[in-house]
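K.L.:
Sequence:
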Amino acid sequence: MPDMIRGKRQRTAAREIGLSLLPVVVILVVFRVYPIVTAIIKSFTNWDGLSRNDWVGVKNYVDLVSSGTFWLVLRNTLVLLLNVPLQVFIGLVVALLLYEQVKGWRIYRAVIYTPQIISAVIIGFLFRTFFSLGGPVNAVLTAIGLEELAIEWFGNAGTALGVLVLSIVWFSIGWQAIVILGGMSAIPPSVFEAALLDGASYWQRAFLIVVPMLVRTIEFAVLASGVWTLTQLFPFLYSMTKGGPGFDTTTLDYLIYLRSFGFGFGSNYGYASAVAVILLVVVLAFTAIEMRVANRADDWN
4 MPDMIRGKRQ
14 RTAAREIGLS
24 LLPVVVILVV
34 FRVYPIVTAI
44 IKSFTNWDGL
54 SRNDWVGVKN
64 YVDLVSSGTF
74 WLVLRNTLVL
84 LLNVPLQVFI
94 GLVVALLLYE
104 QVKGWRIYRA
114 VIYTPQIISA
124 VIIGFLFRTF
134 FSLGGPVNAV
144 LTAIGLEELA
154 IEWFGNAGTA
164 LGVLVLSIVW
174 FSIGWQAIVI
184 LGGMSAIPPS
194 VFEAALLDGA
204 SYWQRAFLIV
214 VPMLVRTIEF
224 AVLASGVWTL
234 TQLFPFLYSM
244 TKGGPGFDTT
254 TLDYLIYLRS
264 FGFGFGSNYG
274 YASAVAVILL
284 VVVLAFTAIE
294 MRVANRADDW
304 N
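Each residue of the sequence shown is one higher than the one before, starting from 4 at the first, in this note's numbering.
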């Protein structure tokens, strides 16, 4: 009898656990698994979103890798990914300064985090306005006698990409600083007190004590920022550069938009799905590499 009661309780507990997990599983399947599987299947078709939906095999992938545009777009995506360490480093420095709680530090924290509560589209329009030919940046350069530097910032591949990186870094600093501050709050005050007694300077305490203790937090910041950079730059591109000049600031996620809605190409959701699959592979590769490097850093620590 006790065994029967125990078995019934175990089955009841298992049923309750299953029912509690069911909504999460359904949401995961509907909004994550199904779109990924559908994109993979559609990447082998010439689906135009309406009537045409013929199986074409690997043609979309062959067309993709044989296109010079794809390699330019992939290069742009990886170049923008290289600004992630810059985002994290600046966020780390800002967090270290805020941690000292200098006079007015709460105001500084609010100001630094402000870009996070502004729409990315609005930030893109702001940078587009500031760096336009007749914008404030060129006006200031002209006023201080640097007319030769007052250029069409979005008319050149290098400067357009530079302004895009500047907007991304400015947007992300607040998030980076808040995440790192959260990690720093878990460090026991006794660690800093011991370092002070040993005569460590501020920057010695920061980079020889604090940073090694924030490895996991920094790993998370790098991983989250990297995935965000690979997949969430569309609002900046749409409102600032439109992927131009040419394709010089186009990224993989923006190319998906261009090929889906036919701007100069004709709608080809099959081709766009192939780009999406490539982007998924890039994200997974970045995640695997970052985690491998992070594990080695943990072993070293």
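Just so you know, the hints here were simulated from the structure itself, not pulled from any lab data.
Computed from a predicted structure; not experimentally measured.
Be aware that one or more of the hints could be misleading.
Simulated pairs of lysine to any residue, SDA-like, Cα-Cα distance not exceeding 20 Å [as the list claims (entries may be wrong)]:
{"#": "1", "residue 1": "LYS245", "residue 2": "TRP231"}
{"#": "2", "residue 1": "LYS245", "residue 2": "LEU77"}
{"#": "3", "residue 1": "LYS245", "residue 2": "PHE264"}
{"#": "4", "residue 1": "LYS245", "residue 2": "ARG78"}
{"#": "5", "residue 1": "LYS245", "residue 2": "TYR260"}
{"#": "6", "residue 1": "LYS62", "residue 2": "LEU83"}
{"#": "7", "residue 1": "LYS245", "residue 2": "PRO192"}
{"#": "8", "residue 1": "LYS245", "residue 2": "PHE195"}
{"#": "9", "residue 1": "LYS62", "residue 2": "LEU282"}
{"#": "10", "residue 1": "LYS245", "residue 2": "GLY161"}
{"#": "11", "residue 1": "LYS245", "residue 2": "THR234"}
{"#": "12", "residue 1": "LYS245", "residue 2": "ASN159"}
{"#": "13", "residue 1": "LYS245", "residue 2": "SER122"}
{"#": "14", "residue 1": "LYS62", "residue 2": "LEU81"}
{"#": "15", "residue 1": "LYS245", "residue 2": "ARG131"}
{"#": "16", "residue 1": "LYS245", "residue 2": "LYS62"}
{"#": "17", "residue 1": "LYS62", "residue 2": "PHE73"}
{"#": "18", "residue 1": "LYS245", "residue 2": "ALA227"}
{"#": "19", "residue 1": "LYS62", "residue 2": "LEU77"}
{"#": "20", "residue 1": "LYS245", "residue 2": "SER135"}
{"#": "21", "residue 1": "LYS62", "residue 2": "ALA42"}
{"#": "22", "residue 1": "LYS245", "residue 2": "GLY158"}
{"#": "23", "residue 1": "LYS245", "residue 2": "TRP74"}
K.L.:
Hint by hint, which ones does the structure fall short of?
P.N.:
Hints 6, 7, 8, 14, 16, 18 not satisfied by this model.
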